[in-house]
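Visitor: So the protein sequences, as listed, match chains A and B.
Just so you know, we're using this note's numbering here: the first sequence kicks off at 140 and counts up by one.
Just so you know, we're using this note's numbering here: the second sequence kicks off at 140 and counts up by one.
Quick caveat, the hints were computed from the structure, so don't treat them as lab data.
Be careful, since some hints might not be right.
A pair holds if it fits inside one copy or across any two, identical chains being indistinguishable in the list.
Stated by the list, open to error - Calculated cross-link-like contacts (lysine to aspartate or glutamate; reagent style EDC-like; alpha-carbon spacing at most 20 Å):
1) Lys263 with Glu285
2) Lys263 with Asp286
3) Lys534 with Glu271
Keep in mind that this is a model prediction, so the values were computed, not measured.
There are 2 protein chains.
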Amino acid sequence: MKYIVLKFGGTSLVSPELRERVAGKIIAAKDEGYVPVVVVSAIGREGDPYATDTLISLVKQTYHDLPAREMDMLMSCGEIISGVVMAATLQAMGYPAVFLTGAQAGIITDRNYSGARILQVQAKNVTRYTQEGYIVVVAGFQGTTEDGEITTLGRGGSDTTAAALGVALNAVYVDIYTDVDGIMTADPRIVAEAKALEVITYDEICHLAHEGAKVVHPRAVEIAMQKSIPLRVRSTFSDSPGTLVTNSGEVYKGTIDITKDRIVTGITYISGIAQFIVRIGATGEGLKQQRRMFRALALAGISIDFINILPEVVLFTVKDDVAEKAVKVLENTGYMSEVITGCAKVSAVGAGMSGVPGVIADIVEALTKDDIQILQCNDSHTTVWVLVRREEMEKAVRALHRQFKLDQ
Amino acid sequence: MKYIVLKFGGTSLVSPELRERVAGKIIAAKDEGYVPVVVVSAIGREGDPYATDTLISLVKQTYHDLPAREMDMLMSCGEIISGVVMAATLQAMGYPAVFLTGAQAGIITDRNYSGARILQVQAKNVTRYTQEGYIVVVAGFQGTTEDGEITTLGRGGSDTTAAALGVALNAVYVDIYTDVDGIMTADPRIVAEAKALEVITYDEICHLAHEGAKVVHPRAVEIAMQKSIPLRVRSTFSDSPGTLVTNSGEVYKGTIDITKDRIVTGITYISGIAQFIVRIGATGEGLKQQRRMFRALALAGISIDFINILPEVVLFTVKDDVAEKAVKVLENTGYMSEVITGCAKVSAVGAGMSGVPGVIADIVEALTKDDIQILQCNDSHTTVWVLVRREEMEKAVRALHRQFKLDQ
Numbered sequence: 140m141k142y143i144v145l146k147f148g149g150t151s152l153v154s155p156e157l158r159e160r161v162a163g164k165i166i167a168a169k170d171e172g173y174v175p176v177v178v179v180s181a182i183g184r185e186g187d188p189y190a191t192d193t194l195i196s197l198v199k200q201t202y203h204d205l206p207a208r209e210m211d212m213l214m215s216c217g218e219i220i221s222g223v224v225m226a227a228t229l230q231a232m233g234y235p236a237v238f239l240t241g242a243q244a245g246i247i248t249d250r251n252y253s254g255a256r257i258l259q260v261q262a263k264n265v266t267r268y269t270q271e272g273y274i275v276v277v278a279g280f281q282g283t284t285e286d287g288e289i290t291t292l293g294r295g296g297s298d299t300t301a302a303a304l305g306v307a308l309n310a311v312y313v314d315i316y317t318d319v320d321g322i323m324t325a326d327p328r329i330v331a332e333a334k335a336l337e338v339i340t341y342d343e344i345c346h347l348a349h350e351g352a353k354v355v356h357p358r359a360v361e362i363a364m365q366k367s368i369p370l371r372v373r374s375t376f377s378d379s380p381g382t383l384v385t386n387s388g389e390v391y392k393g394t395i396d397i398t399k400d401r402i403v404t405g406i407t408y409i410s411g412i413a414q415f416i417v418r419i420g421a422t423g424e425g426l427k428q429q430r431r432m433f434r435a436l437a438l439a440g441i442s443i444d445f446i447n448i449l450p451e452v453v454l455f456t457v458k459d460d461v462a463e464k465a466v467k468v469l470e471n472t473g474y475m476s477e478v479i480t481g482c483a484k485v486s487a488v489g490a491g492m493s494g495v496p497g498v499i500a501d502i503v504e505a506l507t508k509d510d511i512q513i514l515q516c517n518d519s520h521t522t523v524w525v526l527v528r529r530e531e532m533e534k535a536v537r538a539l540h541r542q543f544k545l546d547q
Numbered sequence: 140m141k142y143i144v145l146k147f148g149g150t151s152l153v154s155p156e157l158r159e160r161v162a163g164k165i166i167a168a169k170d171e172g173y174v175p176v177v178v179v180s181a182i183g184r185e186g187d188p189y190a191t192d193t194l195i196s197l198v199k200q201t202y203h204d205l206p207a208r209e210m211d212m213l214m215s216c217g218e219i220i221s222g223v224v225m226a227a228t229l230q231a232m233g234y235p236a237v238f239l240t241g242a243q244a245g246i247i248t249d250r251n252y253s254g255a256r257i258l259q260v261q262a263k264n265v266t267r268y269t270q271e272g273y274i275v276v277v278a279g280f281q282g283t284t285e286d287g288e289i290t291t292l293g294r295g296g297s298d299t300t301a302a303a304l305g306v307a308l309n310a311v312y313v314d315i316y317t318d319v320d321g322i323m324t325a326d327p328r329i330v331a332e333a334k335a336l337e338v339i340t341y342d343e344i345c346h347l348a349h350e351g352a353k354v355v356h357p358r359a360v361e362i363a364m365q366k367s368i369p370l371r372v373r374s375t376f377s378d379s380p381g382t383l384v385t386n387s388g389e390v391y392k393g394t395i396d397i398t399k400d401r402i403v404t405g406i407t408y409i410s411g412i413a414q415f416i417v418r419i420g421a422t423g424e425g426l427k428q429q430r431r432m433f434r435a436l437a438l439a440g441i442s443i444d445f446i447n448i449l450p451e452v453v454l455f456t457v458k459d460d461v462a463e464k465a466v467k468v469l470e471n472t473g474y475m476s477e478v479i480t481g482c483a484k485v486s487a488v489g490a491g492m493s494g495v496p497g498v499i500a501d502i503v504e505a506l507t508k509d510d511i512q513i514l515q516c517n518d519s520h521t522t523v524w525v526l527v528r529r530e531e532m533e534k535a536v537r538a539l540h541r542q543f544k545l546d547q
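Work the whole structure out from these sequences, hints included.
Guide: Spelled out as structure tokens, the structure:
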């Protein structure tokens, strides 16, 4: 059977009109000769697994220290409700449909409540119902342990369910429906000229997600990548083709390496960052001091990023909201630090930049031309990160978008 | 282990204060040396399985023709939410507690969605958790088929869950907590002197329930009766001992037959009844006509009750809301009927009336003394039914309650 997995987020399901639109997408896939399997998030739950429906929120307000096991049982109701509603919508439109919980769909996970990992998918219920002609609607975001405990998958859980089902069914496509036209070259709220990418590699989309782009969850991408199941990121609200996510070695429109002509794929940002500058040497006693400082931060549970160790100075960043705590940790271990809160990390991501000279030069040129101060700069073979002040973040995103001609 | 099953209805769980009161009852059972297992209904769902929480009602308003399978999945969320909340309440009070869905508690049912029957209880999760020291909270009203389909048990489903668990665990008691002090001799809203019975037989409580008393569901009583597990009907809102439900042959306070001194146990009523009087003979052609008439009513799906066949006339009742339809059915088959709508059936129930002479005489005397017209009267060995006009119903209930000295 030519399976296609279609995943719809909570914002696509909030009203009867939207659910009919969603049903239209599902029926269109069927009309194209595919066997659709649908994965849904909770109505109104999107991205943040804790912004769920009113009833569950109310319970959580009263019992904010619910144990993880019971919390997952509660959370699982959100997708049961939306799945039942979606199956009912399809049936009302004349298409036999059946709803399966994560457990019934064979999503077997470990016992790590609220952030469970899928261990395997036993898709026999899904295949049986599809063979009987039903459109199967599966509750995303949830699974079950081998011994029947209900679990949830944490952030991006429904994407992960869709990808795992796609692998289990050897689907032709896993379509992730969102409220944007695909993977954008930058946040369209900042860059008016931002465009949806036609195609992107699994690697690139993971990097974009890690650097702040709100796209498919990296865990879902990794699962799809293992069996090379192509993902498509599409909009519920338009008929545009969306973005195809595939391997860099895939043949796409006659080109073997889909990324070879493109140095940068997208510009992303993460704000709410504080830069620390600690004056410690990098030799002899200084090295010992560095070790002590990093260990003290780790013991305090502060995660650090953007680490640059220079001869006389150590730079790193923490999230703004733990900056004060980090300052205290450093004081307690005897180090004075300069701190700049209110920074932002702007990233240029592209599998094609690897080995291409002049990328950093282009970035520096673009930013300085617009009088944007670079506080710090790092790079890997697929990403260049630049730390700027928060108030210059939008300008920096636009400058880089323009520099790499992403609007063309 | 000395198990005790405590079942709490939705009205006992609506506020944090009430849930703490419920927790108090559970902890008291523990302090008395019992191992408590708790069964909960959905918050706000009581008796009527369709008066459930807002969210689910909303879904149902939009999709009133949800298929039974998906409806049951939706309905099951109500008890998941209340069970999670109840387990959290116990934990917040310092008692380790764990919540189990019907499926996890091993409530195995047939596939008759929305009215499933419990086939067996595989209580190994319940026993394991209780052995580990947890208070186990189980979702009432729901179960699972052998192959993992979620089912609900229909009216009185949580009582049935409690009774079935009581049998599986060989519990010392199954306590059904409600908002009244036990099984009452009559509805206290009608009879101010109505009292809670100290003890009642399984049989009597079934008859009371069938005759309109809002007590434990008969199915639950039948299950408990099979293994002679004593039920106790108690109030969440008081500390009164409630009503013990047991076998008529049980030794209770030195007496072997608990019902032998009591002719009538309680007075119940059902209103909204229409009486039909059809003048058909009971011989020759008349018998054929009767058969034709009863078959026509059955084919129209009208259920009839209180059937008296006399030489020249046939009497029966239907519910008021199908009276008009019944009249049409009779007209179509060529019979004219007299109809009195707005009647009520008042019943005197008591296992002790069997073989006791003069019960009917007492009833007729009591009613005529108060100028209440008896429209019809039937009796079995445990119940006398009297049909009266709705406006005389309360007076009739009070008269019978007084006649059989139930206030003493």
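Visitor: Work down the list of hints and note, for each, if the structure agrees.
Guide: Hint check:
no. : hint               : in the structure
1   : Lys263 with Glu285 : both (15 Å within a copy, 15 Å between copies)
2   : Lys263 with Asp286 : both (18 Å within a copy, 12 Å between copies)
3   : Lys534 with Glu271 : neither (55 Å within a copy, 60 Å between copies)
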